[in-house]
Amino acid sequence: MSSPRSDFRAGVRVVAPILLGVIPFGMVAGAAAVGVGIPAAQAVAMSVVIFAGASQLAAIELVGRGAPALVVVATVLVVNLRHVMYSASIAPHFARLSARWKAGLSYLLTDQAYAISLMRFEREPETSRRWYYLGVAFPLWLTWQAATVVGVLVGARVPEGWHLEFAVPLVFLAVLVPAVTDRATGAAALVGGATAIAANGLPYNIGLVTAAVVGIAAGMVAESALGTGEEREVS
Amino acid sequence: MAASDFDTIVLWLVILAGGVGTFALRASFVALFGRLDDVPPRVERALRFVPAAVLSALLVPELVFADGGLALSPANPKLLAGAVAAAVAWRTEDILATLVAGMGALWLVTFALG
Numbered sequence: 001m002s003s004p005r006s007d008f009r010a011g012v013r014v015v016a017p018i019l020l021g022v023i024p025f026g027m028v029a030g031a032a033a034v035g036v037g038i039p040a041a042q043a044v045a046m047s048v049v050i051f052a053g054a055s056q057l058a059a060i061e062l063v064g065r066g067a068p069a070l071v072v073v074a075t076v077l078v079v080n081l082r083h084v085m086y087s088a089s090i091a092p093h094f095a096r097l098s099a100r101w102k103a104g105l106s107y108l109l110t111d112q113a114y115a116i117s118l119m120r121f122e123r124e125p126e127t128s129r130r131w132y133y134l135g136v137a138f139p140l141w142l143t144w145q146a147a148t149v150v151g152v153l154v155g156a157r158v159p160e161g162w163h164l165e166f167a168v169p170l171v172f173l174a175v176l177v178p179a180v181t182d183r184a185t186g187a188a189a190l191v192g193g194a195t196a197i198a199a200n201g202l203p204y205n206i207g208l209v210t211a212a213v214v215g216i217a218a219g220m221v222a223e224s225a226l227g228t229g230e231e232r233e234v235s
Numbered sequence: 001m002a003a004s005d006f007d008t009i010v011l012w013l014v015i016l017a018g019g020v021g022t023f024a025l026r027a028s029f030v031a032l033f034g035r036l037d038d039v040p041p042r043v044e045r046a047l048r049f050v051p052a053a054v055l056s057a058l059l060v061p062e063l064v065f066a067d068g069g070l071a072l073s074p075a076n077p078k079l080l081a082g083a084v085a086a087a088v089a090w091r092t093e094d095i096l097a098t099l100v101a102g103m104g105a106l107w108l109v110t111f112a113l114g
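Same order as they appear, the protein sequences are chains A and B.
Here our numbering is used: position 29 in the first sequence is 29, and no number is missing along the way.
Here our numbering is used: position 114 in the second sequence is 114, and no number is missing along the way.
Honestly, the hints are just simulated from the structure, not real lab data.
All clues stand as given, with none of them false.
Pair by pair, the computed Cβ-Cβ distance ranges are: (1) B:Trp-12 <-> A:Pro-203: 23 to 33 Å; (2) A:Ser-6 <-> B:Ala-112: 48 to 58 Å; (3) B:Trp-12 <-> A:Arg-123: 40 to 50 Å; (4) B:Ser-73 <-> A:Arg-100: 51 to 61 Å; (5) A:Ala-95 <-> B:Pro-40: 12 to 22 Å; (6) B:Thr-92 <-> A:Arg-123: 20 to 30 Å; (7) A:Val-221 <-> B:Asp-67: 28 to 38 Å; (8) B:Asp-67 <-> A:Ser-89: 35 to 45 Å; (9) B:Ser-73 <-> A:Val-158: 25 to 35 Å.
All figures in this text were calculated on a predicted structure; none of them were measured in a lab.
Heads up, the beta-carbon is just placed ideally off N, CA and C, and yes, glycines get one too.
Please take these sequences and the hints and turn them into a complete structure.
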């Protein structure tokens with residue numbers, strides 16, 4: 001039967017294979033940070049405080065290019081805007097928890113924790129919301145922190161000829177491909193990418209934020225013009 | 001390379017602001033639920049396109065710029081390696097497999113062009 005402990009364990013079992021993919025991603029984040037000269041303490045702090053891989057990599061890159069601090073922060077927030085959507089969609093399941101629990105579970109909210117938990121919540125109403133979610137989200141958090149530390153330690157010793165910095169765009173690519181689920185999201189990706197090229201020379205490195213906004217607008221226009229083709233929840 | 005213009009305090013502030021802001025995004029509707037009925041439909045429509053637009057904007061310049069200029073030729077090894085990685089990402093939807101394929105392709109091409 002469903003108990004807090006068994007629900008927690010069920011979450012751990014489902015997330016275990018995904019942790020394998022988190023390890024290289026976290027190591028890249030740690031290695032990339034020390035690669036652009038961010039001190040080890042701050043490289044690890046980024047993972048603990050921000051805890052959102054793609055946005056950390058974007059921030060690291062901008063820090064490396066010497067972008068203004070405000071632009072770095074704005075970029076982190078734009079990259080993480082999708083969490084508002086997760087928050088809205090998972091909120092009903094956490095509605096009866098205390099404010100403290102809500103805060104803790106919100107801190108742990110990631111793409112994977114959201115997608116896995118929501119699937120289970122919708123299929124099995126009996127599941128303990130907080131314990132199943134913790135079983136998924138906490139191992140992700142722990143693995144991310146450990147992988148970042150390893151990346152920080154190893155990253156400083158990798159020779160430049162290995163082009164390890166190329167791992168960063170590869171991670172973006174690996175996350176982008178599954179995010180393109182229909183023609184409208186494809187349009188958002190195409191226009192966002194093209195605008196990023198065109199806007200590359202803009203001052204203060206605001207090219208990324210500009211490209212994101214134009215890409216999102218293109219997706220909405222494409223959706224109105226073409227329809228989505230298929231109905232699919234964003235995962 | 002050094003984190004040139006970033007002194008320690010500014011970098012800490014950036015990390016803190018990015019973290020607090022990200023937490024606010026994550027907590028937004030979890031905290032407000034019950035007080036606010038639902039995400040406004042227009043906002044929800046826009047949010048659907050955030051991952052694709054943002055990730056593409058992060059990725060594409062990394063592939064097409066080399067040595068400070070546009071490099072849309074086969075002599076740019078990152079283009080080919082990116083194409084290989086995209087194919088693998090499409091087939092597997094796996095970060096590790098994509099990383100291995102892309103890094104492997106980059107090493108092969110740079111070695112071949114040597």
